[in-house]
Amino acid sequence: MKKSVKLICLLLSMIMLAGVLVACGNNTAGGTKSTKLVVYAALNEDEMNAFVSKFKEDTGIEIEYVLGGAGDMSTRVQAEKDSPNADVLVGGSVDVYEPLAKDGLFEKYDSPNNDALDARFNDPNGFWQGWYMGVLGLVINRDRFEAELKPLGLEYPKTWDDLLDERYKNVFVTSNPVTAGGGYIFTACQLFRLGDDAAWDYFAALDKNVHHYYKGAGDCISPVATGEFIVGMSWVHDIYKQVKAGYPIDVVIPEQTAYEIGGVAIVKGGKNKENAEIFVDWLLTQEIGQMNTTNSNRYSVLESVASPEGLPKLEEVNLVDYDRARAGEMKPDVVAKFDADIVSKR
Amino acid sequence: MELILLSKSSERINEMKRLKNEPLLLIAIILIVAFTIYFVISPVFQLVTIASPSDYSILVETPRWVRALGNSLLMMVLSTVSCTAVAFAFAYTMTRLDVPLKKFFRFITMLPIVSPPFIVALSYILLFGVQGIITKQLLGLQVDIYGRLGLWIVQTITFFPYAFSVIYGVMGKVSTNLEYAAYNMGASRWRVFKDVLWPLCRPGVAGGALMAAIQVLTDFANPMMIGGDLALLPTEAYMQVVGWYDMKTAAILATLLLVPSLAIFFIQRFWVGRRSYVTVTGKEISLKPYEPHKLVKWGMFAFCCFISLFVVTVYGTLLYGSFTKAIGYDWSLTFSNYSYVWGKWQQIWNSIKFSTISALFAALLGMILAYIVQKKSVGINGFLDFLAVLPSAIPGMFLGLSYVIAFNSPPLKLTNTSAIMVLALLFWNLPTCYSASNAGIQQIGNSVEDAALNLGANSFRSFKDVILPLLKIPFLSGFVLSFLRSVTCLSVIIFIYSPSTATGTTSILGLVSYGQWGAAAACTVVLIAIAFTVLYVAEYFLNKRGASLNI
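Residue numbers (this note's numbering), protein chains in the order written: chain A, 12 to 357; chain B, 208 to 758.
One chain only, chain B, in its complex shape (with noise of 0.2 Å):
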């Protein structure tokens, strides 16, 4: 045991040796491994050290956060598992299926991510709430939303198209030539998805899970609203600052969800495993997918429209809200919430503008560091893998907190510029690029450079006509997913804008927090017609080149 250690180690230090012989290489990792450890983890520590460790004892001398631990787990637990479920119901209809409706699954699968917190919670206690609109006007139903229930189904649905993002790629890429092989030698379909299609899945569920899990535990806007009694430890943090003004107290809170955060990430990579999914071989001919037997084929389609209709009802709330005088209560027409808003074009054209830059750097540089990880073998690839994955155990509101404490005096001081907002949007959406460019690279297998290689192209042909055009669409996938969290982005920004750098989702704050319900749902429309706006224009290009974008 000690020796297969000892050699691994020496086989690690032996890699790194070899670094040497590529400087431009070194350099590289050195840059990205400093970048990150400046603008993620320094900030973060200087965070977490406001509270001096004897601070630390109030979490096991305050029972509320003890269960609020529990409760955040408890809650993390359910709704990655309900949200993969759904991811993967809608990717395996959308990729494996001949059915109808398939753009508007798409467009269903994106709403949510370009939602702006806050808002929509209002739509569902409207339409599911003690006297919901469909629960008590239309089914005449008793229920009660507030609580472990209804955040269960408002975070599921909120969240599992960030798991699908993830799930939809891999899945689109996994050949359909290895399941006709396993038909053809007599396997049932049963045994074709649970032995071909499922294991070639996992990393695309495992990244999904990952992704989905930790936007539920870092969630505060959601048990804000419908959470009723129930304590979660972000929303204990938070009101920690906004209610009690006590930094210390919600800083020792960021920190214990920082634990749960980390033991995602191991336990993502444990489950993946070292397995090879390489299914991008040189010779690609696609068979149309094998399709399942019928009452699975329309049992999974019902259920997408299920949800979708679910998510149509809730967002169609909004927007009619959005044009009426008091929603909720008068639901006549006006314009006046639009007229408000018009005199926002500054804020949100801030926040289409950091969105892009952040989000076009964050693409960037999660491609590189995906493909250093996955395809050199360079000794620290688990930690430039860790460092990569690490910003997103870190809830948004605490990210941005980070950055007032670690870059408000010299020798870098960004408080109130563009910048601050750009590099806390581009370090918060790295580990979103970082997945989605990792799940494309992993399946790209060595073959195809080497294949090229030999064909006579150096190794910058290789990169440049071989690796680059299979990471064009996880590529841009990051970049769109990122650009939408972007924009709809509040957490991250809250404690960083300043008077000149206000967006959208800042304005949806102000307006929500003094009950001008109908501006901050009109607001709340403009961003998500913006984000759709670009999508559909970044997807049009894509499409004259043949190419599509999955998210």
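Same shape as in the complex, but just chain A (with noise of 0.2 Å):
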């Protein structure tokens, strides 16, 4: 039997070698420092294509990337603390680079191209910066609703009040505050719109109308691009990607609305930290603001620029006076009441 296991061990070997081989050869790291920067970004493909080729024309550094959702960059920049691969995070709620900046994984840093800004796009702390500011909207499919619900004497709903109304039973629907970031701020939105007893109603009897809550607030709009729903709740820049690719769906942003605050961060212990900085106070310029705003129908934190083409100018949007801190400390309370009150009786 000696000869077979001798045959084994070759094989095992063998493994181990390649094993080792891979692992030397594949050794990204390296790269000469002042030309390059890695951005962990939370970011459109296409966004993010522009801002890697105007960057390297307007300062010649070099950036790599790697795209995702908010929650994978940053759970990746907190995976990473020991040993960061990324210069800067960029993208995504400043909900979410709160609880970094708390863990002391971000770099300080107080851009020259800040002073302007309205204080709460700036972080009290200094840990991140707000570059752009998105807005929760309905996605209306065109079709259906002329087809079906215009018929039923409906008119597009103006208000989140209208949507209580009993003829869109079923076709809303909206995401799941307890999975969903969108959906937890569409829910503190009510609650500080209406105060807590009359939020609580309006959820219950929300609840009746809508058909199920998705686990993202993004997957709320295909469905309805697609005619399966006739109105979702989402994000109006995320709605309105879809109506640019063509599909039958109007976007509506409704009184006493709530906003995100998109931002960036240099990350502790990056690599190429003077460039990061380049790519912060970069970000706050005005062509930069306004290049993204019509690459990705946000609107930019710099009163210079435009609003998005084809939606309402950010003075016409009727905010709710949204307390992000307070938001945030009663989240583990309205989370847990939210299920146990509404998702857990359906």
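Check each hint, because a few of them may be wrong.
Here are the computed distance ranges between Cβ atoms for each label pair [unchecked claim]:
(1) B:Ala745 - A:Lys324: 55 to 65 Å
(2) A:Gly321 - B:Ile265: 41 to 51 Å
(3) B:Ala745 - A:Gly321: 46 to 56 Å
(4) B:Lys343 - A:Asp121: 50 to 60 Å
(5) A:Asn181 - B:Val519: 24 to 34 Å
Taking lysine to any residue and the SDA-like style, the derived pairs with C-alpha atoms no more than 20 Å apart in a straight line are [unchecked claim]:
(6) B:Lys455 - A:Ala347
(7) A:Lys348 - B:Thr456
(8) B:Lys582 - B:Arg668
(9) B:Lys455 - A:Gly115
(10) A:Lys47 - A:Thr70
(11) B:Lys679 - B:Thr563
(12) A:Lys279 - B:Lys620
(13) B:Lys583 - B:Leu660
(14) B:Lys310 - B:Leu516
(15) B:Lys401 - B:Tyr387
(16) B:Lys455 - A:Asp93
(17) A:Lys92 - B:Phe252
(18) A:Lys92 - B:Ala258
(19) A:Lys180 - B:Leu348
(20) B:Lys455 - A:Asp106
(21) A:Lys356 - B:Arg355
(22) A:Lys219 - B:Gln349
(23) A:Lys255 - B:Tyr545
(24) A:Lys169 - A:Ile264
(25) A:Lys92 - B:Val255
(26) B:Lys455 - A:Gln89
(27) A:Lys92 - B:Thr456
(28) B:Lys532 - A:Ala256
(29) A:Lys348 - B:Val267
(30) B:Lys495 - B:Asn384
(31) A:Lys180 - B:Gly354
(32) B:Lys455 - B:Val273
(33) A:Lys180 - B:Gly339
(34) A:Lys169 - A:Val262
(35) A:Lys348 - B:Glu268
(36) A:Lys342 - B:Leu266
Calculated directly from the structure, the hints in this document are not laboratory data.
By construction, the Cβ of each residue, glycine as well, lies at the ideal position given by its N, Cα and C atoms.
Build the complex from these two chains, which are given one at a time in their own frames, with help from the hints.
This is how it looks when you write it as structure tokens:
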């Protein structure tokens, strides 16, 4: 039997050897410090590509990036904290940045370009920087609305309360605040807008119309676009992307809507800190703000940047008085109550 | 009783002591154990221990997760039973019945394995949703696929091929001679099936069911898209990461998933038991399978056709949609989705590269492990078996996440390298390959090797000339299966890919999360095409040698 065992060992050592070779052959670390920047981006690929080529053109710095959801990207930064690979985290709500800042994963940076901004866009502690705004809205399938709801005498909803109309029963979808960040912001929005008691009545009433709660805020858009449902709640800039793709959908921004602030932060221990600072400054220039608004349909934090084409001007959007700090504090209780009172009773 | 236990354990110790005489085997075992502990158990342990024991109290305090556990277990049982049943029907039809379309059926059983997550669910919604092309427009039905029933159907179709690949492999090897012997002695068809074929297929069925069960249990893409309000553990855990950025809770939920996964493992072992399933003897004469009643035969055939039609429709929609301007709405044709994918050849090449390397090593390691566990008494056979199957109990996403945590700093810093991608995929695929080899080896009688030895071959020759050729098919099945899984895998690599190691599936995720369904569909079609090309090339070379692949 010995020889057969020998063969096994041979095979095993081959595996090991190959493993080592693979490990050595693909070491991507290195590269010159001055002309590189590693970015973890919770942005669309097209948006990011535009940044990459423009940044190279403006500064000569080469961007390497990883794209993903805000959660994926922040999870990566968290996981890599002992030996960070990224220099910059960009995109996604600053609510994501807050816990990372608390854990000391970001480098403080106060960009000279942020002085003119509204105070809510600058982190009081200096760890993150707001650079765009996203607002919540409704996606409406025009074809189905006109064929099925208009004959019943309905017009497009103008307020969140309009959604309580029983004619929306089973054709409205939204996201679950237990699982979706956007879903929670919507919930907090109602709490700020209506006050505690009235808001919980609102959720119970709205629940009667909800076909089901999607796990992510963005998940509501495609089903409405393809006509599976008629009305959905999601981020306006994401909805607008589907509008541009040619689907028969419209965007409605109800009165008293909530918003997120999109962030950027410098990762502590990144290898290209100076380039990261250049990137943050660059992101806050009018030209880049305009470029991003055109590409992503998001509102810029800069007043000099025009609102996205086809969407109402930011001044015309009626925003709720959204208290981010309180929204963060009350989250565990609200989420638990929502699950117990609404979702688990479905 | 105590005495028996005592003698058993002393027997094991004796077996271990005997290893001293076979130092090479000993080294092999030590290496395997060390590797698996270092690359599977240790990273997962590090992830699980992110949360302190007191953090685990949230499990009891949050009713949603208690519900999620219940839902996950229920779905697992439902979908596993249906997956195994469908898989058995396909395997039986293809190994025992003389019916047309067998090649087509084989293609059908491979399609779901090679589809990347997320995108196929869109097809289901377009076809069978509230406004579904088939359900509403064709049949005029008012159905609602969002929820348990829809998920059950989708999971059955998505995961039955995993069970099939194992059952088919085993059933194909079960000799028809025994069945003929039973018929000759006057047994009815049903009795032959019940008392001869079924018991011989049981290791395959159990292995297949185990495979499907774990796939179902750790599936997070389908529940996301079609689960409706149903809370399931993997989805909840995934959303804790991507929706709430809460790794601790995610780790806790993942740990909760490990419990049923391990339970499946023990149930399978108990059910299969320690019976002997030896059927490959030295004197094989294949007789044509004895046909069942016509009604059964064509009933089975019709059933396979129905399932196939279903799969073809779903994937056909996807294929057609990838050529349209706005999938699901504007069905006019365009190539723009494909020109978009064209710019991603680097990522697609990465997919091929990592999948090939990892599948090769996974198949090798799986085969060696299966051989040792089955044919060598080393005292820790059960433990080795456990190690080999263990990665399948770990959701891919968490295996990846645990790699980021474990291999991000010296002594072994692997983040951002291709090595981490290959290693993660390798160990994720180990159970697949191990099961494939295992099912094959279980059926090789010791007498075959003994016969070779008696005829004067030394043990090396008997391994090389007797065992290895018999292992060729399980090995290749393992290789191809894990290649296909890797090419289309997203969960394992979602947290570990870097700019230079991005793959086809990570591109799809990016496209899907920003609503670019058309481009995502095109990318999916390209990956599926690659998978099948590799598969058919492998098969072509095998056929030239007179062998065939059982997937």
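(message) Let me make sure I understand: some of the numbered hints might not hold for this structure. Which ones are they, in numerical order?
(response) none
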